[in-house]
Amino acid sequence: MLDGLSDIKYKIGSSSAEEVVASYLERIEKSDINAFTCIAEDATDQAKKIDSLNMEGPLAGVPIAIKDNISTKGLSTTCSSAILDGYVPPYDAHVIERLREAGAVIIGKSNMDEFGMGTSTETSTYGPTLNPWDAERVAGGSSGGSAAAVVAGQVPVSLGSDTGGSVRCPAAFCGAVGLKPTYGAVSRYGLVSYANSLEQIGPLANRVEDVATLMDVISTYDNRDSTCVKHNAGYTDALQDDMEGLKIGVPAEYFGEGIDDNVQKLVWDAVGKFEDMGAEYTKVSMPNTPYALAAYYTIAMSEASSNLARFDGTRYGTRSEGENWHMMASKTRQEKFGAEVKRRILLGTYALSAGYHDRYYLKALKVRTLVKQDFERAFEDVDVLMAPTMPTPAFRIGEKMDDPLSLYLTDVNTVPINLAGVPSISVPCGFSEGLPVGLQVIGNYFDEATILKAANAFEKNTDHHTKLAGAVV
Amino acid sequence: MVYENPDGVMIGLEIHVQLNKLATKLFCGCSTDYHTSEPNTHVCPVCMGLPGCLPVLNKRAVEYAIRIGLALNCEIVEQTQFHRKNYYYPDLPKGFQTTQYDYPIVSDGKVVIEGEDGEHVVRIRRAHMEEDPGRLMHMGSIEKSRGTLIDYNRSGMALIEIVSEPDMRSPREARRFLDKLRNILEYLDVFDSTLEGSMRVDANISIGGGDRTEVKNISSHKGAERALLYEIMRQKNIKRRGEKVVMETRHFDEARGVTISMRTKEEEHDYRYFPEPDLVPMRVGSWVEGILETLPELPDARRSRFISDYGMVDTHAKALTSDIRVADFYEEVASQVDPASAAVWVSDVLKGELNYRDLTIASFTVEDMVKIIELVVSGKITEKGAVEIIRNILDEGGSPMDIVKEKGLLKVEGDVVDQAVEEVLRENPQALEDYFAGKEKSLNFLVGQVMKKTRGRADARSVREMMLEEIDKNYR
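Going down the list, the protein sequences come from chains A and B. The letter at position 439 of the first sequence is residue 439 when you use the working numbering, and the numbering goes up by one with no holes. The letter at position 474 of the second sequence is residue 474 when you use the working numbering, and the numbering goes up by one with no holes.
These are computed hints drawn from the structure, not numbers from a lab. The model shown is predicted, which means the values in this text are computed figures rather than measured ones. Every residue gets a Cβ at the ideal spot worked out from N, C-alpha and C, and that includes glycine. Be aware that one or more of the hints could be misleading.
Label pairs and their computed distance ranges (CB to CB) [to be verified]:
id : chain 1 : residue 1 : chain 2 : residue 2 : range
1  : A       : D7        : B       : C44       : 40 to 50 Å
2  : A       : P90       : B       : G290      : 54 to 64 Å
3  : A       : G322      : B       : R256      : 45 to 55 Å
4  : B       : M247      : A       : H326      : 22 to 32 Å
Cross-link-like lysine-lysine pairs, in silico, DSS-like; alpha carbons within 30 Å at most [as the list claims (entries may be wrong)]:
id : chain 1 : residue 1 : chain 2 : residue 2
5  : B       : K405      : B       : K384
6  : B       : K85       : A       : K331
7  : A       : K230      : B       : K59
8  : B       : K222      : B       : K144
9  : B       : K85       : A       : K372
10 : A       : K336      : B       : K85
11 : B       : K453      : B       : K407
12 : B       : K85       : A       : K366
13 : A       : K265      : A       : K400
14 : B       : K380      : A       : K363
15 : B       : K318      : A       : K331
16 : B       : K380      : B       : K407
17 : A       : K73       : B       : K59
18 : A       : K342      : B       : K85
19 : B       : K371      : B       : K452
20 : A       : K366      : A       : K336
21 : A       : K366      : A       : K331
22 : B       : K384      : B       : K244
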């Protein structure tokens, strides 16, 4: 069983942050799962500084991996895209400021799908991250590096971002715990935007309590993000394992066509486990779920087409040569963006164009409202919703790359959560043919406490998290 | 009299006003005080559009916009809403401009101007907030420059774009509208018109109900009038040839005074507007009452007050209030000397001398004006001497008293003048004879001779009276 935060803090106490960080750096060095896009050259110095100042703080000396789309001052931030090759942000994202204050050691940037556009980390310009349980399979995405690094024991905790499932999907595929917070709970300041109205930064770890600790650190109010909402944190304090009287809703629509039988069974087993712990469940209906996927992709691509307009080779990153500015910008985007990114920019541009705007973008916004209402109705009767995170366990690398639509379909159970903006956590609930399966626990707005509590109770009463992946060295 | 508008001219204006009196930019904390700074020194990750940066709306900018809306008699929107206007240009660091679309901050207002046939109402369609892009710079001319440099100091400055209805019927009305608007904005203390690029105008114009053209790149009010005059002539020529004016965007070449086609309607951008997800609506409906209470006195109100408080004529009141700096100057002067005299001296004399030299009121001090008026009112100098002092200060500097001493401008009276009158009459018998013969002009000549003898320090009007008295007494 891999060390959790409490184990690491104990080790730092009895040796030093420098030694602990060194041991993690060594594991990263030995690994070949391609979880990182770069390693911070100053990781050891950061650890030494913690030691010499005898710094306290909830994460003092704890190494952490940061998804490569979160701005880190002085440390390359490429979003796993060739267009940002060489870009080093001059500022820290809000969450990075908070992590540094808490004493965390930023050990490196983790691999991802280019600009977060993918479900497998295969669209990364650095190549795919390998699943720690099976090197022939994907780690999930887009925060594949963040999940794989945690499960392979290369860091105890990491940050990802979740636009349509990008934290929960790799958490499920790799067997990690991953939280997508309520929209507005964590400041997005410094997170390179893919689809602003959908995404949140979220923590990943091997234990629920470590995810809660990270949330306590990163989810403070920040006035630089206008969509950030003041709310109560105190997530770690909420972690009791008393499930007596918890009302679980199980949405039938999340167990539909395409959801693997083994996955369905493991999730129902998990619901049964909760019943054993004193919770009760009812079946609920969320009738607008079938439309969520189309609405999600329309909105995400529309926003992306605008968000990615700034990457024109003028100010930062790399550029291609052209005889004038327009040619330079055009060739830069043509040559440096990957195929999936270009596909989404094109589709998004189309959806926002005059004559199509109402038919696609506006309609998607209406569907979004309906999906939101599904959740609001459900939470009138239940405390949490439970469903499979992903329809299947991790698929093979390359399996879906030629068929983007089949890849988009794997997001069917994660995107409605982003459309609604509610929080959701994925926790390991068993294995199917040696591959981890994730249980998704969805909560009401700003009620992270309840889903963390449920996930924690489940973890305490199961042993899935104690199993070691093959990639652990 | 009703203005016939023989060519059926319809002019609508879109005016970009930089809210340069704000301390910070529209979406970040960068200082707006960049006009004398090195390029790219007033920038941050937000206004440079670095990846991951988010805008935060400047609340004061919204207040300014509402203030403008109220001064233009507009409706104020209940809550703010921003959109993205997507297009590529190197001065636009995010690849889109954050602006307002279907919910402008204010709409449906009006401004009353002095039209071709008296008071004329120009309706305001809307005014919306948006960010200024950066500025492209070239070494020398665009053609000869080795490359283009970008200065992002201006990037993210708060702009308000005011859009009028096509209610102006002549280039002169357009210019008067612009002057009036600038005046109102300066009274509101939201903008300083003296800073470069603070007010930029696009003009839409059509004649005889035909298609309109849009003229861009107009940088002054005079330029707007010239561009529109040219455009009317051009459109009339097209119609005379039996052709149709095409809807297009044209560029005003200020140096040559002509407009040049930029792009036709088919080449227009599709800006793919959609709501800015990074800005949440700000409820502002409840602010209106408070802002209304603190709204300063506006030009029209001040003009009426000048007439009632200082007993001046309307032409003076209008001249004094058409620029807030002049109005403030006047009121300071009027608080220390006779307001009626002050009105004449500031609006008729000082403004005339300033205009002649292309100077602003900033070139003259209240103290000097007060001193000069005091000297005239107390009879120490003549009106002519006073004008000379004003000219001297503007051309060479100096203080009124120094100039009086230096030029010997103290008025002479009594014996000296009496003596000069006697001498002149004695020395010019022919002129006197001519006067008796009915040549009124001879008297002017004689007065002139006295002025010459006293080196202009005598009061011409009293010299004339003294002269007539002396003639009656000793020469009849």
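Structure-based check of all given hints:
Our hint of 40 to 50 Å for D7/A and C44/B holds, since their Cβ atoms are close to 41 Å apart. Checking the proposed 54 to 64 Å range against P90/A and G290/B shows it is violated: the Cβ atoms sit about 39 Å from each other. Distance hint check for G322/A and R256/B: the Cβ-Cβ separation is about 32 Å, which falls outside the suggested range of 45 to 55 Å. The beta-carbon spacing between M247/B and H326/A, approximately 25 Å, falls within the hinted interval of 22 to 32 Å.
Of the supplied pair hints, the one linking K405/B and K384/B holds, its CA atoms being roughly 15 Å apart against a limit of 30 Å. Among the hinted pairs, K85/B with K331/A is consistent with the structure: their alpha-carbon atoms are about 23 Å apart, no more than 30 Å. Our distance criterion of 30 Å between C-alpha atoms is met by K230/A and K59/B, whose separation comes to about 19 Å. Of the supplied pair hints, the one linking K222/B and K144/B holds, its CA atoms being roughly 29 Å apart against a limit of 30 Å.
At roughly 27 Å between alpha-carbon atoms, K85/B and K372/A fall within 30 Å of each other, so this suggested pair holds. Between the alpha carbons of K336/A and K85/B the distance comes to roughly 24 Å, so the proposed pair stays at or under 30 Å and holds. The hinted pair formed by K453/B and K407/B meets the criterion: a straight-line CA distance of about 15 Å does not exceed 30 Å. A threshold of 30 Å between alpha carbons decides the hint, and for K85/B with K366/A the separation of about 22 Å falls inside it, so the pair holds.
Restraint check: the Cα-Cα separation between K265/A and K400/A comes to about 24 Å, which is no more than 30 Å; the hinted pair holds. Restraint check: the Cα-Cα separation between K380/B and K363/A comes to about 82 Å, which exceeds 30 Å; the hinted pair is violated. Distance restraint check for K318/B and K331/A: the Cα-Cα separation of roughly 58 Å exceeds the 30 Å cut-off, and the hinted pair is therefore not satisfied. Restraint check: the Cα-Cα separation between K380/B and K407/B comes to about 14 Å, which is no more than 30 Å; the hinted pair holds.
A hinted pair counts as satisfied when its Cα atoms are at most 30 Å apart, and K73/A with K59/B qualifies at roughly 29 Å. Distance hint between K342/A and K85/B is fulfilled; the C-alpha atoms sit about 20 Å from each other, no more than 30 Å. The hinted pair formed by K371/B and K452/B meets the criterion: a straight-line CA distance of about 26 Å does not exceed 30 Å. Proposed proximity of K366/A and K336/A is contradicted: the alpha carbons are some 34 Å apart, above 30 Å.
Taking the CA atoms of K366/A and K331/A, the gap is about 36 Å. The hint is violated against a cut of 30 Å. Between K384/B and K244/B the alpha-carbon distance is near 59 Å, which puts this suggested pair outside the 30 Å criterion.
Hint check: violations occur at hints 2, 3, 14, 15, 20, 21 and 22; the rest are consistent with the structure.
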